[in-house]
Amino acid sequence: MEALPRSPGGAVPRPARRIPAAWRIFARNRGAVAGAVILLGWAGAAICAPRLAPYDPLGLTGPSRQPPSALHLLGTDLLGRDVLSRLVFGARISLAIGLVSVAIGASAGSLMGLVAGYYGGRLDGALMRLVDAMLAFPGLLLALVVIASVGPGLQNVMLAVGVSSVPLYARLVRGSCLAVRAVEYVQAARVLGGSDRRVMFRHILPNVLGPLIVLSTLQVGSAILIGSALSYLGMGAQPPTPEWGLMTSDGQAYLASAWWISTFPGLAIFSAVMAVNLLGDGLRAALDPRSTYR
Amino acid sequence: MATYIGQRVAVLIPVVILVFSVVFAIMHALPGDPVQLMLAGAEAGVTTPERIAQLRRSMGLDEPLYAQYLRFAGHALRGDLGQSIRFQSPVNQLVAGAAVQTFELSLAGMAAALLIGIPLGIMAGLYENTWLDSGAMLLALLGVSMPLFWLGLLLILLVAVHLQWLPAISGQQLRGIVLPAFTLGFVSAGLISRLMRASLIEALRHDYVRTALAKGLRRRVVTTKHALRNALIPVITVAGLQFGGMLSGAVITETVFSRPGLGSLIVKAILWHDYPLIQGAVLLTSVSYVLVNLVIDVLYAWVDPRIKYA
Amino acid sequence: MSERGTTRRAFLLRSSAALAGAWGARLLRADRVGAAGGNLTIAMAADAEPASLDGQVDPYVSAWLLNSFVTDPLVLLTSSRKYVPMLAAGWSASAGGRIWTLPLRRGVTFQDGTPFDAEAVKFNIDRVMSPDTHSALMANYLGVKNFLKTEIVDRQTVRIIYSSPVPALLYGLSICPLWSPAAVKQFGPSFQQHLVGEGAFKLAEWVRGDHVRFVRNPAYRGARPWQEHDGPAYLDSITIRFVGEAGVLGQILKTGEANLVAGLPAQAVGTYANNPAYTIIAGYQPGNGMMFVMNTGRPPLDDLRVRRALRYAYDQDTMNQTLYNGSYVVVKGPLTKYTLYYWKGAESAYRLDPARARRLLEEAGWKLNPRTGIRERDGKPLALTIVMLHHKEIGEYLAAQFRAIGVDLRVEVVPGPVQLQRAQSGEFDLMYERLRSYEPDVLFDEFYSKNYRPGGWAWTRFQNATLDKVLLETQSTTDQTRRQALFTEAQQLVTEHALCLPTLDDPQYYAMTKKVHGFRLGAIGSWYFVNDISVET
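Protein sequence lines correspond, in order, to chains A, B and C. The opening position of the first sequence corresponds to residue 1 in the working numbering, with each subsequent residue numbered one higher. The opening position of the second sequence corresponds to residue 1 in the working numbering, with each subsequent residue numbered one higher. The opening position of the third sequence corresponds to residue 1 in the working numbering, with each subsequent residue numbered one higher.
In short, the hints are calculated from the structure, not lab data. In this text, all values refer to a predicted model and were calculated from it rather than measured experimentally. Note that CB positions come from ideal geometry on N, CA and C, so glycine has one too. Hints are supplied without guarantee of correctness; some may be wrong.
[As the list claims (entries may be wrong)] Pairwise CB distance ranges (calculated):
#1 Pro189/C x Gly74/B: 19 to 29 Å
#2 Leu163/B x Pro354/C: 43 to 53 Å
#3 Pro63/A x Glu63/B: 56 to 66 Å
#4 Tyr185/A x Arg205/B: 53 to 63 Å
#5 Pro354/C x Gln173/B: 31 to 41 Å
#6 Gly74/B x Glu205/C: 51 to 61 Å
#7 Tyr66/B x Thr114/C: 30 to 40 Å
#8 Ala53/B x Glu376/C: 16 to 26 Å
#9 Ala96/B x Ala27/A: 28 to 38 Å
#10 Gln164/B x Asn39/C: 12 to 22 Å
#11 Glu63/B x Gln186/C: 48 to 58 Å
#12 Gly270/C x Arg205/B: 51 to 61 Å
#13 Arg205/B x Arg51/A: 45 to 55 Å
[To be verified] Anything over 10 Å on all C-beta distances counts as not near chain A; from chain B, calculated:
#14 Val22
#15 Met27
#16 Glu104
#17 Lys215
[As the list claims (entries may be wrong)] Just a few of them, taken from the derived set where beta-carbon distance is under 7 Å, the chain C residues facing chain A:
#18 Ala89
#19 Ala204
#20 Glu396
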């Protein structure tokens, strides 16, 4: 749930490692491969949900609070909905929260960082003060404040979580951008009359791609966790959406009498987030060799 | 040093003003009329249009926006954050009471994080690429991948209900803070142990460590005397940042363990659309977070001479 | 006034009978419990924590309950649902129920030593009625609309004068807390943190979001025969702990951190019911039950056919079985069966009949879109919003049932003030509304069309001359037979026009350890008779 610690400066451009080398490093990392496999599994479940799910995830398809059985492999929830079907459809929702919010955060944040780093000067100063202001809302707080103004609901959760990660990306990209700006070939491209946009996207952005991918991957995990925390607080997905966090927290009251209702969705969150973290670590080792930790 | 601090503080002022304005803007973009909300919970049966108008006046809501902004800013500068709609008490009082609780919890949480994270990281770092390392790192991964509310409840069921070692609702007693502190600290412990491991490994590769080893000093002495000290510096920085995050990240822990605190106060304020309370509590949290970061930066600069003050 | 006003003689007869009963109980009690004393810790859901501890202001039952530790009411509604005098020595209504005269008990003092007398009662009544107090509901119960003034007849007699009859006044008097005027004046706006009454316990401290603590009032004289013993309470202290997580609240007796859980979550009832180490008591509440009123002021629920279709689309008994193992109370009309003048006919008015529901929707022009499974009219889907405060599984259950007839029900869970604001602005189709009262007069508050106004409780926006006439008449009728006829008709009309969606009612479950003795419930499921409770140490 905690955001990643900010990268101090994000500084110095690194020569991007060549793809085959990166791939070799990645493939040797057993954890990363395991993470990738688990994630692919969940992604497959999300895509094929209507085929995989034995029942309608919203329908009352059996007696309530039935323990796992041949009929309901993971049991039924407090209303009699099939936990497995909800879990499979929930993969769509929880992964979407992760991916969409990262897409929002990464694109808005990167753009901010690029513009600030490339143009520098007052614009840079103003944008970075804004980033500082956003960073002054720690952890969940920024997401909570955004939810307060737009109201709960799935789309708003994605927006809120996305917005709350904007400053991380802005800082990362700006730092790299500042360093690359001075590098010769970028200078050359500018002198040769390349448009600002072209220079930014063709010459600068590729240089920050490695760390950007790593940060984005890890953020998917924390977005899923923040999304579930918002559900727990009643400010996230609204019932009867089969969001994993909502399923876990709704079932918690039954942990003593019907453990399966919240245990399986809890494990789903855990497995997905752990997979993302493993993958992220592997990618970092492969793409971002200088950063040895985090 | 003094100039450095001065500069850092100077940079903070616009940030705080910006935070303040953002909070003000968001609160005024919120749907719902505070007066209506206030009456909805309180004056059924006797509300007249005159009464609504009178309340709007008394809350200053009939003024233009810029005037409200200046008035609120003026009051805030004098330390007056207004009156909570829901609780009918001064925001100052509510926020101060909650802040103490949250500070306690964060402190205990940080202690738990360090007590778990540092030894775990050292162990993993010293025995790099052994099963001890893998085990420790798996545990660290567990910490950063679990939904906190789930972890908290599982802990309660196991430690408080089943084993009956510690209380489930924390209350005011010292014993009660152990479980919530552990829950809150577990996530940070994951990060800290990973960081500790990495920076210890890096430190052990440094020349001076190798030299010391080559000179025949016992490995244990070298690690404790030289490598650990250097390896701890980045850990302390990140721990500081984590501490700041805990001040608000405690929301979930506070809810699960039924503790009053800033996080749960903010959530309540948001749920009840209590605008003055949200404004005040968010403002205070952000400012204290920024201040904590400042203190850490200054400490860091002081500890690590490689960092320039300019 | 025969039934409730009680002639003095009838009252004496009844009270002596009750006295004998109380004696018996006392004897039993003597050998049941050795030493009195102990500290009672009650765990309660954190949502139940009142915003203000002053029940003259706060509209929630939890505030009145905590107040009842600190102060006794003028009148008590006993568990056998009879009004009996408590701090009043009796009452009489004259001028057709417009003038109420209340002689007061003598020799009672508040916890700050000031006397409880006619002046104090007048001060309290006037305070509730004053707009400056911002009383949310108590003023309604005390008949603020018709209130003229309070008069001091003599030192120990007070008279309340109304412009028209207030037949349900005794209920209001039975829940209205009475405060020491001196303390109210002394503490001003922060009085709610420093409650001073005359009751068995004094408020010691309130740490918001955490706990409220009460300690014994050694000067309390008791209120026999309605309590089992005279003199100060047995308990040394009562602590209320607010628990934020339902999963924890359900387990808290097992950790030994509380002796009693008030409002045990239904899902935890099973874990205690079969365990001999604990006792479970259910308190059943009068009033509406978990009712959802329909917004007839906007489409699609302005159409009677659609409203009726919804009533045919679900079944409370199955809902109860599915969600709560049948432990809740099924409610099929606007009132629960524990309410005065409950109309039994409501139980057979609507039965689960999806085919009929579909037919009604077809007639109303809502045609099924086979692609979405949701009905549409003029390209607009049949989507309804249900706004609720808690028990969201009921909303989810309804949503699943309504999908079967092609209605898309969207569940929104909001906090109290937002609910009230949405009710005012009309941004809802179905809205949770529950007023709890033994008197059926809540129907007047909720369905009399003129009570649709700022601060009013009639949220359906329904206008019907007959219903209005019937409800208005209930408010000036003191003859109980006539009142029963009128309220029956009102319930019939509300059901016929399908103005509400009744569901279930949650009994208040109290689970306690075997060491808690003397715990008894009052008539509305929440009066704890704290004076008589003791906890073995």
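Each hint, compared with the structure:
1. Pro189/C x Gly74/B: 19 to 29 Å: Holds - the Cβ-Cβ distance for Pro189/C and Gly74/B, about 23 Å, lies within 19 to 29 Å.
2. Leu163/B x Pro354/C: 43 to 53 Å: 50 Å, holds
3. Pro63/A x Glu63/B: 56 to 66 Å: 60 Å, holds
4. Tyr185/A x Arg205/B: 53 to 63 Å: 33 Å, violated
5. Pro354/C x Gln173/B: 31 to 41 Å: The hinted range 31 to 41 Å is violated for Pro354/C and Gln173/B, with Cβ atoms some 55 Å apart.
6. Gly74/B x Glu205/C: 51 to 61 Å: 34 Å, violated
7. Tyr66/B x Thr114/C: 30 to 40 Å: 50 Å, violated
8. Ala53/B x Glu376/C: 16 to 26 Å: 44 Å, violated
9. Ala96/B x Ala27/A: 28 to 38 Å: 55 Å, violated
10. Gln164/B x Asn39/C: 12 to 22 Å: 19 Å, holds
11. Glu63/B x Gln186/C: 48 to 58 Å: Violated, at about 34 Å.
12. Gly270/C x Arg205/B: 51 to 61 Å: Cβ of Gly270/C to Cβ of Arg205/B: about 60 Å, so the range 51 to 61 Å holds.
13. Arg205/B x Arg51/A: 45 to 55 Å: 52 Å, holds
14. Val22: For Val22/B, whose nearest Cβ neighbour in chain A is about 6 Å away, the distance does not exceed 10 Å, so it is violated.
15. Met27: Violated, because the least Cβ-Cβ distance between Met27/B and chain A comes to about 8 Å, which does not exceed 10 Å.
16. Glu104: 17 Å, holds
17. Lys215: Correct as stated: the minimum Cβ-Cβ distance to chain A is 26 Å, above 10 Å.
18. Ala89: 47 Å, violated
19. Ala204: 31 Å, violated
20. Glu396: 4 Å, holds
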